[in-house]
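Go by the hints and put chain B onto chain A.
Okay, here's what each chain looks like letter by letter:
Protein chains: 2
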Amino acid sequence: MSQIKKVNHIAIVVENIENALEFWQGQLGLTLDHIEDVPSQASKVAFLPVGEGEVELVEPTDPESGLAKYLEKRGEGMHHLCFQVDDIEAMLDLLKEKDVRLINESPVDLPGRRMAFIHPKAANGVLIELYEIIE
Amino acid sequence: MSQIKKVNHIAIVVENIENALEFWQGQLGLTLDHIEDVPSQASKVAFLPVGEGEVELVEPTDPESGLAKYLEKRGEGMHHLCFQVDDIEAMLDLLKEKDVRLINESPVDLPGRRMAFIHPKAANGVLIELYEIIE
Numbered sequence: 001m002s003q004i005k006k007v008n009h010i011a012i013v014v015e016n017i018e019n020a021l022e023f024w025q026g027q028l029g030l031t032l033d034h035i036e037d038v039p040s041q042a043s044k045v046a047f048l049p050v051g052e053g054e055v056e057l058v059e060p061t062d063p064e065s066g067l068a069k070y071l072e073k074r075g076e077g078m079h080h081l082c083f084q085v086d087d088i089e090a091m092l093d094l095l096k097e098k099d100v101r102l103i104n105e106s107p108v109d110l111p112g113r114r115m116a117f118i119h120p121k122a123a124n125g126v127l128i129e130l131y132e133i134i135e
Numbered sequence: 001m002s003q004i005k006k007v008n009h010i011a012i013v014v015e016n017i018e019n020a021l022e023f024w025q026g027q028l029g030l031t032l033d034h035i036e037d038v039p040s041q042a043s044k045v046a047f048l049p050v051g052e053g054e055v056e057l058v059e060p061t062d063p064e065s066g067l068a069k070y071l072e073k074r075g076e077g078m079h080h081l082c083f084q085v086d087d088i089e090a091m092l093d094l095l096k097e098k099d100v101r102l103i104n105e106s107p108v109d110l111p112g113r114r115m116a117f118i119h120p121k122a123a124n125g126v127l128i129e130l131y132e133i134i135e
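Chains as they are written, first to last, in this note's numbering: chain A, 1 to 135; chain B, 1 to 135.
With the rest of the complex left out, here is chain A (with noise of 0.2 angstroms):
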């Protein structure tokens, strides 16, 4: 019985969120929900709801940051691929217990959900977060 339920999000890191809004929304014609200022991860996001998911554009706002290193490193593209999880503790301790490595031991707590990375060398190159929604 998998713990996870869906995909939150696919998130798609770019040089500037206006410019790939031309395509995301003008050409493909995906709705543009908000965009959020996420210091705490050092980037500025563009939620376009699809189906019961989201396709976030991202954008490093500090050039030091490790998003911002990634783009210069690798160029835009697919990011990370966000699963939505009921239960984000049991989930991390599911995954210790199988030796999965992982980028946050814990939940990082932030506005309406918890959220940890899994090491993209545990995962086939994919950099997967887990989101737990608080209601």
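Everything labelled a hint here was simulated from the structure, so no lab data went into it.
Just so you know, even glycine gets a beta-carbon here, dropped at the ideal spot from N, CA and C.
Some hints could be false.
Between beta-carbon pairs, the in silico distance windows are [said to hold, decoys possible]:
1) B:98 x A:94: 31 to 37 angstroms
2) B:15 x A:113: 32 to 38 angstroms
3) A:87 x B:16: 30 to 36 angstroms
4) A:5 x B:15: 26 to 32 angstroms
5) B:15 x A:94: 21 to 27 angstroms
6) A:32 x B:102: 20 to 26 angstroms
7) B:108 x A:101: 35 to 41 angstroms
8) B:32 x A:32: 32 to 38 angstroms
9) B:104 x A:25: 18 to 24 angstroms
10) A:87 x B:113: 34 to 40 angstroms
11) A:52 x B:29: 16 to 22 angstroms
12) A:63 x B:133: 42 to 48 angstroms
13) A:103 x B:74: 18 to 24 angstroms
14) A:16 x B:104: 26 to 32 angstroms
Relative to chain A, chain B alone:
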């Protein structure tokens, strides 16, 4: 009004599906629906349903294919993002009207679906697949 209904799947290119399943199925806990040979795409694909969509693990079966070369150059990781539309011809017409660079100008017919790729240069480095499901 968006033509895009949902994320159909996120495709992850891997060296070896059996090894990759140790994480995605054995550790992360996703359910494996089935594994399919897709000779037209020179690949073998594992389908793991998540919510209303799927994670697909894609292993190249021909070392000369574009996918195998992508894997060699970039390593394992997210390869493409597939959005489901109701009418792929209408969607492609709309994108052509807006001068969006496409890999497939017309839909490619596969069993159960019609598909086309948007060029990653049009989409902030993301290879986007469009799917129309044929019932």
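To see whether the hints hold, each was checked on the structure:
About 45 angstroms separates the C-beta atoms of residue 98 (chain B) and residue 94 (chain A), a value inconsistent with the hinted range of 31 to 37 angstroms. The supplied range of 32 to 38 angstroms is met by residue 15 (chain B) and residue 113 (chain A), whose beta-carbon atoms lie about 33 angstroms from each other. Taken as a hint, the range 30 to 36 angstroms holds for the pair residue 87 (chain A) and residue 16 (chain B), whose Cβ atoms sit roughly 31 angstroms apart. A beta carbon spacing of about 29 angstroms between residue 5 (chain A) and residue 15 (chain B) agrees with the range 26 to 32 angstroms that was offered as a hint.
Between residue 15 (chain B) and residue 94 (chain A) the C-beta distance comes to about 25 angstroms, which sits within the given range of 21 to 27 angstroms. Between residue 32 (chain A) and residue 102 (chain B) the beta carbon distance is about 23 angstroms. The supplied range of 20 to 26 angstroms therefore holds. The hinted range of 35 to 41 angstroms is satisfied by residue 108 (chain B) and residue 101 (chain A), whose Cβ atoms lie roughly 38 angstroms apart. The beta-carbon spacing between residue 32 (chain B) and residue 32 (chain A), approximately 36 angstroms, falls within the hinted interval of 32 to 38 angstroms.
Roughly 23 angstroms separates the CB atoms of residue 104 (chain B) and residue 25 (chain A), a value that falls within the hinted 18 to 24 angstroms. Separation of residue 87 (chain A) from residue 113 (chain B) is about 35 angstroms and conforms to the stated range, judged on CB atoms against 34 to 40 angstroms. Roughly 19 angstroms separates the CB atoms of residue 52 (chain A) and residue 29 (chain B), a value that falls within the hinted 16 to 22 angstroms. The hint said 42 to 48 angstroms for the Cβ distance between residue 63 (chain A) and residue 133 (chain B), and at roughly 43 angstroms that hint holds.
Under the hint 18 to 24 angstroms, the C-beta atoms of residue 103 (chain A) and residue 74 (chain B), about 21 angstroms apart, fit the expected range. For the pair residue 16 (chain A) and residue 104 (chain B), the supplied restraint of 26 to 32 angstroms holds, since their beta-carbon distance comes to about 28 angstroms.
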